[in-house]
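Student: Construct all of the structure, not just a fragment, from the sequences and the given hints.
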Amino acid sequence: MSELSQEVKNELLAEIAQLETQLTGNMFDDMDIKGKIHNIKMKVDGTRPPESVIECVGCGS
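Using my numbering, the first residue of the sequence shown is number 1, and each one after it goes up by one.
Because the hints were derived from the structure by calculation, they are not lab data.
Quantities reported herein were computed from a predicted structural model and do not represent experimental measurements.
Since no wrong hints were added, every one of them can be taken at face value.
No farther apart than 25 Å at their CA atoms in a straight line, the calculated lysine-lysine pairs in the BS3-like style are these:
id, residue 1, residue 2
1, Lys9, Lys36
2, Lys9, Lys34
3, Lys9, Lys41
4, Lys43, Lys9
Tutor: Below you can see the structure in the form of structure tokens.
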């Protein structure tokens with residue numbers, strides 16, 4: 001996976017902060033938002049499933 005520029009990282013972190021303001025504390029209502037936050041954090045951290053050449057698509061998230 002290629003490195004993200006600092007500008008892109010900042011945009012993604014701002015998106016996470018914006019999504020976090022939408023959390024209600026209700027697990028079921030928050031599931032989609034938490035999933036989006038998780039996926040963005042994986043992009044920021046450069047995370048992908050172990051032993052996978054496929055970036056995140058292969059993990060089923």
